[in-house]
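Peer 1: These protein sequence lines are chains W and P, in that order. Number 465 in UniProt numbering belongs to position 465 of the first sequence; there are no gaps in the numbering. Number 381 in UniProt numbering belongs to position 381 of the second sequence; there are no gaps in the numbering.
One or more of the hints may lead you astray.
[Said to hold, decoys possible] List of simulated lysine-lysine pairs, DSS-like, C-alpha gap at most 27 Å:
(1) W:Lys605 x W:Lys46
(2) W:Lys427 x P:Lys152
(3) W:Lys114 x W:Lys333
(4) W:Lys104 x W:Lys46
(5) W:Lys333 x P:Lys557
(6) P:Lys416 x W:Lys333
(7) W:Lys466 x W:Lys178
(8) W:Lys114 x W:Lys599
(9) W:Lys45 x W:Lys466
[Claimed, not checked] To list a few chain P residues with every Cβ distance to chain W over 10 Å, as calculated:
(10) Thr146
(11) Ala366
(12) Arg429
(13) Thr505
(14) Gln654
(15) Asp714
Everything labelled a hint here was simulated from the structure, so no lab data went into it. Values in this document were obtained by computation on a predicted structure and should not be read as measured data. Where a beta carbon is used, it is the ideal one built from N, C-alpha and C, also for glycine.
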Amino acid sequence: MDTLSLVEINHYIKISVQGFFFFGPVCLFCPFCFVKNQKMSRLSKKQPSVCTAAPLTDSNVSQKLAVLHQILTSCLGPSGRLKQIHNDVGGHVLTTSTSSVLLKAVQLSHPVPKLLAAAVLNHTSRFGDCGLFAGVLCSALLVEARRLMVEPPAVATVYRQLLGLCTTYLTQEDCSCKVRVEFSSSRDLLTLTRSVLTSKPACMLTQVEAEHIVLQVVQAFLLTVPSSTTGRVRLGTAVTHLVEGQPPMASTALVGLLVDMPEQLRAADVERLGADLRVALFSTSLAGDLAEEGDGSLEVHGETIVEEAVLQQLLELGEQLVTDGVRLLACQKVVHPVLRHMLRGRGLVVAERLGLALMEPFVQMTGAQPVATFQVAVPFSCYGCVGTLGVHRCGSRELLHLLPAGDPAVCTLVLCHRSETSLDELKVTCQTAEQVLRQTLKEPSALLGGGCTESHLASYIRHKSKTVVTQATSDLGCSRSDYLLAAEGFCRSLEATARALESDTTVSLMDLCHAHRWPTSAAPPPGVSWAELVGSCGCGLISGQSNMEWTPLGTGHEPFPPAPLINTASQPHVLDSFPAKLNALQVAVETANLILDLKYIIQDKNELFSSCQSGV
Amino acid sequence: MFKLDVLINITEVISHQCRKQAFMKAGRVCVCNAWLPRSPSNKLGGLPRNSSAHACRERARPEVCGTLLLLEMPWGCGAVGGEQHAGLQQLIALAAATKSFLGPNKSYKFVDDQAGHGGSFLVCSPSRLLEHLELSCPVSQLLLETVQAHQKAFCTGAGTLIFLAGAWSLAALECLRDGIPVCDIVSALTEGLDSCTEACRMSCVTVAEAIRSYGSLKSRQANRAHGDATSVKVSSQSATGSDVFHSSSAHLPGQAASRCGSLRPDQEHKALASLRHRARLRHSRYFNEKEESTGAESGSERSPRCESSSSHLCDLGSEDVAFLGSTVSHGSENLMNLVIEASRIQRENSEGRLLGGTVFDVSKLATCLVEGLWEEHSCVTSGLVTFVSVDQASLIQGLTNQSLRVAIFDGDLSEKYRHLGFRKPSGVRRVAEVSNAPRPLREGGWLERVLDTLLQLEVNLLLVNGVVCTHLAELCLRRGIAFVERVESGVLQHLAEATGAVPLTYVTQMSEHCVGEGALVAIWREGIGDGRRVAVNIRAGRSALVTAVITSTVQSKLRSLEDRFWGCAHRLHHSLRDGKLLRGGGEVELDCIRHLRGLLRDGPSTGACGQNRSAVLQRMSHGWMDYIATLLWNSGECSSKLEAWDACSRAAEQQVPGSTLPTVISNLHPQLNADWLEGGRGGRSATPVYDNMTVKLEAWRRALDLVLIVLQTDMEIIAGSSHRDTEGLPAHFIIL
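Generate coordinates for the entire structure from the input sequences, incorporating the hints supplied.
Peer 2: Take a look at the structure:
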């Protein structure tokens with residue numbers, strides 16, 4: 001926190017051999033040179049960089065980490081709370097509890113929370129789910145590490161070793177908290193999707209509506225699985241189409257693509273078009289302007305008028321399309337009205353303004369190659385084929401429905417909701433669910449949800465660390481007490497993530513046999529024993545029996561190896577994605593280690609982009 | 001069973017839980033604010049009927065006390081932690097501003113910009129009020145978004161939405177103050193609304209039944225006036241049998257001549273029997289038809305209205321449509337009469353051909369606002385009524401009674417106009433090859449070509465979405481080609497379909513088959529508009545396009561009248577589309593209150609969970625009581641809000657469905673009853689009042705969604721603030 005001059009910085013660089021540096025934009029010039037302020041072209045004296053030593057001991061940083069921890073913890077689970085983000089000058093208001101949306105919208109200034117947020121965002125961009133879990137676990141690990149009287153680097157090495165133990169346990173075949181996903185029935189897929197969808201309260205869905213949407217999402221996913229297995233098999237695409245103002249029960253999954261209805265096309269005309277229509281796809285603008293000119297200038301000779309010449313070329317292109325028997329012209333951008341009119345007169349359907357997002361699925365569905373210029377004749381091989389055209393009606397709007405010829409795996413998921421806030425949240429959640437389902441194809445396992453995996457893992461690590469302590473201390477080179485304290489901290493962090501799923505009315509218990517999490521009412525009526533109160537565990541696999549014993553989750557107890565469940569006929573109600581959770585665990589521990597290993601933060605204080613803070 | 005050595009740690013867990021709860025709720029909030037009701041007995045709030053919205057704007061930001069610390073950091077985002085009550089309080093304050101818009105008598109409000117930037121606005125609907133208020137709190141953005149989405153979908157019912165959002169926010173706030181946890185509140189409110197929605201669907205009235213019951217009621221009244229013995233027998237049967245029609249049978253003024261033909265007694269008997277039969281079946285859960293989701297028309301085929309459950313709607317006569325309109329007019333009788341007239345004209349023009357399966361097509365309705373005339377001069381005309389300049393008017397006068405050829409253009413009619421999506425190339429350098437060649441006059445060339453095309457195709461009338469350039473306008477005037485500018489694109493489409501014209505963007509596209517025929521023009525009325533503009537009427541063949549001309553002497557009132565007109569039109573449209581109606585005037589809300597009380601009686605009441613649920617459902621029903629009381633007070637049926645509450649509570653306590661609000665009110669003040677009716681002010685008219693089922697249920701659902709979102713939000717994060725902004729922050733902000 002002290003302001004150091006460059007000389008002292010050099011000094012510190014020499015003496016600290018190990019450790020990582022976090023560099024802000026560092027200026028290595030003499031502190032007396034001047035910085036030209038870009039906005040207001042004033043010259044101001046350059047500020048030296050600020051170096052902060054041992055950032056985690058700073059109360060400032062730990063307060064910010066605590067706030068971030070609180071924010072992420074309160075968002076977790078179906079009883080999580082929502083956050084409203086706005087910029088106080090009347091801009092758009094975002095209400096969400098999804099980590100990817102939340103962390104992108106919140107602009108953090110301090111490097112340490114920024115690091116955490118960046119790690120979580122990286123994880124969610126790849127895996128979709130379990131972003132909040134990663135964030136909560138990482139901040140819990142940091143909080144625990146701060147509480148311990150152990151050197152942070154030692155804690156980091158112990159965490160690393162324990163992460164290895166977790167990964168080994170989770171990836172082995174007979175892990176008790178892993179469930180094999182059966183593709184012979186849709187039950188597991190529905191459970192996975194339901195777990196993702198019901199964990200976001202901002203979607204504002206009743207039970208019936210949630211079931212309906214779960215069904216549509218799984219249906220859309222199954223439609224993207226190709227039925228032919230010859231050649232290279234790859235998953236198709238599911239395009240999301242959003243409709244605001246309709247109730248969620250109007251959502252549906254359709255084969256094929258939806259585009260805006262061309263003007264003056266009636267439903268009756270669409271039916272008359274028939275089947276197996278040749279289609280031409282253009283990625284350039286056919287609006288009569290030259291898209292490729294960039295910043296250059298055009299030289300026009302003689303009396304040529306550019307627009308008329310371009311229009312002439314467009315009309316020639318249109319003639320060629322008609323001669324080649326094309327029935328549907330699709331363009332990513334705008335089509336000139338004269339060309340549209342001419343083609344309409346000759347019986348073609350013109351679909352314009354497709355947008356970039358629809359181009360790839362269109363290519364996949366029809367086999368058409370996008371043509372990037374209108375000035376050359378279109379090669380015959382660029383044409384594709386679409387099956388039939390239909391009309392899909394959603395509310396008061398009509399959309400043109402393109403059905404594929406053959407069986408390409410392209411579908412559209414139409415999502416409807418009453419308000420924009422809920423619709424945005426629903427869209428993100430359905431995309432996460434789709435990612436989860438795709439990952440399950442690669443790795444057909446799932447982990448028990450509802451906090452059961454975390455409590456199970458915590459008790460496993462607690463037990464295992466006691467057995468391998470001698471071996472570990474000699475491998476890692478730390479003392480026995482350090483190892484045991486750090487291991488205890490690791491387990492408490494895992495239990496804290498499980499407890500984050502509690503709501504105002506529930507507390508978490510853990511059973512002393514299988515180490516699952518049991519949510520129970522926080523204010524039990526007097527005279528009722530706890531055995532009668534507990535219904536089933538968080539994932540729904542075990543139901544309460546009288547010979548079980550429970551302890552509140554997070555309190556000390558004798559370490560025990562969690563027993564596997566044998567011969568259970570019941571199915572879990574809540575499942576988490578295995579690859580996402582495993583990666584989230586790894587990301588959390590590795591980011592915590594990175595932050596624990598930070599020795600210095602060097603920040604450049606020159607505000608090159610602010611117009612009034614350049615102090616002299 | 002717990003082990004002994006972990007007993008000590010239970011307190012830590014429980015205190016952690018309490019700390020978490022305390023952190024989440026961050027202390028009690030005292031809000032000393034006149035807008036917020038304090039005690040259950042006085043739930044009315046102190047809002048006078050005609051308050052200025054400006055005062056409301058000031059109150060939209062109540063004080064909040066939080067308990068988090070401030071840290072000095074240069075910039076970043078500020079996190080406001082603690083109370084989510086701030087959001088609920090903001091909702092309550094916003095909803096309080098729109099209470100006077102409920103009911104048939106809407107009072108106007110002025111929104112005045114004191115800073116002098118925007119001027120003043122006269123508003124008569126809650127959505128317009130919210131649009132004109134400069135609201136900066138995030139909850140107000142959410143409310144505005146919800147209201148605008150509802151308006152876009154239904155065009156009516158926003159007042160109900162906002163009122164119930166405020167009332168249920170108050171219920172949630174009181175529950176929070178009593179220490180009921182948030183998830184209990186959420187689950188109880190959701191359960192209450194779902195169950196009430198189901199009950200309302202069960203007790204709805206189909207349009208045909210409503211018309212039939214009213215017809216039978218009229219004939220009963222007529223027969224009773226003649227003292228017919230058989231009719232007395234019929235009427236006693238109908239009184240016991242038809243419990244689906246609860247009209248104000250207690251006090252009916254003398255009947256006007258019945259417009260629906262009175263049925264013969266035996267026909268009526270059969271009709272009533274079938275009515276009873278159908279009523280019985282509906283109340284059974286198993287025989288009820290599978291209800292489609294409200295407002296959704298999913299599926300790839302467009303099912304014509306006739307094939308769905310309300311197939312008999314296609315046979316509605318014009319008297320039935322008039323009756324239906326009067327039941328859903330909700331106080332705007334004059335404007336509803338315009339809508340009914342429009343429907344009659346549409347039916348005539350289509351010669352009995354079904355217009356897409358319904359008797360009224362709201363998409364083919366347009367409005368024209370004329371200031372300077374009295375409101376009684378509002379009328380409905382077939383075709384389009386719009387304003388043109390005086391020169392055009394004289395031209396049009398010459399073209400009256402001729403069948404004209406018409407060309408339609410979207411966009412401007414000028415040389416410089418390009419279609420949307422066209423980017424003009426910048427940086428064009430012209431290299432002249434012959435230096436002395438004179439440049440031809442481009443402008444003149446274009447004009448010549450356009451005029452030649454128009455004359456060649458014998459076009460008499462041009463309808464343009466944009467404007468016509470002045471040179472072309474002069475030329476057209478000289479050659480006797482009339483044009484009308486600034487026509488809406490929807491109207492252009494309808495006229496294009498009716499005349500067979502094809503809407504074009506550029507004149508170069510014009511050819512013989514793009515020109516339509518059969519357009520008729522006329523001066524609409526003499527002496528309308530100021531000296532520079534004249535109103536003309538354009539009709540085309542068999543088009544179902546109808547324009548409602550809305551007039552008023554107060555110019556600022558025109559927009560509100562137009563909004564109310566569209567509200568009436570959409571209410572009629574929804575009632576025809578749904579085929580079902582809910583009993584209005586507070587009756588359906590009374591049913592919901594009774595239903596909630598039934599739930600309270602039957603449900604679990606012991607244990608913390610049961611008690612919480614009871615408390616929440618009780619407060620939810622208070623929200624509906626407040627709604628009914630405000631409705632009664634606004635419509636003048638009760639002289640004070642206290643009396644309205646009293647009437648409402650009594651009616652809710654009575655279990656017999658036949659006892660309705662009017663009977664209760666008349667019982668309260670029997671001597672005043674006659675005065676009210678004779679005075680004509682307030683009181684219930686003979687026509688029953690109905691509400692649209694879809695609109696109402698959707699408004700309730702959206703209101704509850706909004707309340708739940710705000711309730712479940714516990715933190716407000718202000719992103720992107722800089723160092724200057726964070727200097728004056730109050731003490732409960734944390735900067736990340």
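Peer 1: Would you mind marking each hint as holding or not holding in the structure?
Peer 2: Outcome of the hint check:
Among the hinted pairs, W:Lys605 with W:Lys46 is consistent with the structure: their alpha-carbon atoms are about 9 Å apart, no more than 27 Å. Annotation: proposed proximity of W:Lys427 to P:Lys152 holds, straight-line Cα distance about 21 Å (limit 27 Å). For a cut-off of 27 Å, the pair hint linking W:Lys114 to W:Lys333 is broken: about 38 Å separates their Cα positions. Only pairs whose Cα atoms come within 27 Å are accepted, and W:Lys104 paired with W:Lys46 is rejected, the gap being roughly 31 Å.
Simply put, W:Lys333 and P:Lys557 have alpha-carbon atoms about 43 Å apart, too far for the 27 Å limit, and the pair is violated. About 22 Å separates the Cα atoms of P:Lys416 and W:Lys333, which keeps this hinted pair within 27 Å; it holds. A C-alpha spacing of about 24 Å is found between W:Lys466 and W:Lys178, which places the hinted pair at or below 27 Å, so the restraint holds. This hinted pair checks out: W:Lys114 and W:Lys599 have alpha carbons roughly 16 Å apart, not beyond 27 Å.
With a C-alpha separation of about 58 Å, the suggested pairing of W:Lys45 with W:Lys466 is violated against the 27 Å cut-off. Some Cβ of chain W comes within 10 Å of the Cβ of P:Thr146; the nearest lies about 5 Å off, and the non-interface call is violated. With a minimum CB-CB distance of about 17 Å to chain W, P:Ala366 clears the 10 Å threshold, and the non-interface call stands. Here P:Arg429 does not stay apart from chain W, with its beta-carbon only about 5 Å from theirs, under the 10 Å limit.
In this structure P:Thr505 is not separated from chain W by more than 10 Å, as the shortest Cβ-Cβ distance comes to only about 4 Å. Every beta carbon of chain W lies more than 10 Å from that of P:Gln654, the smallest distance being close to 32 Å; the non-interface claim holds. The claim that P:Asp714 lies off the interface is violated: its Cβ sits roughly 4 Å from the closest Cβ of chain W, which falls inside the 10 Å cut-off.
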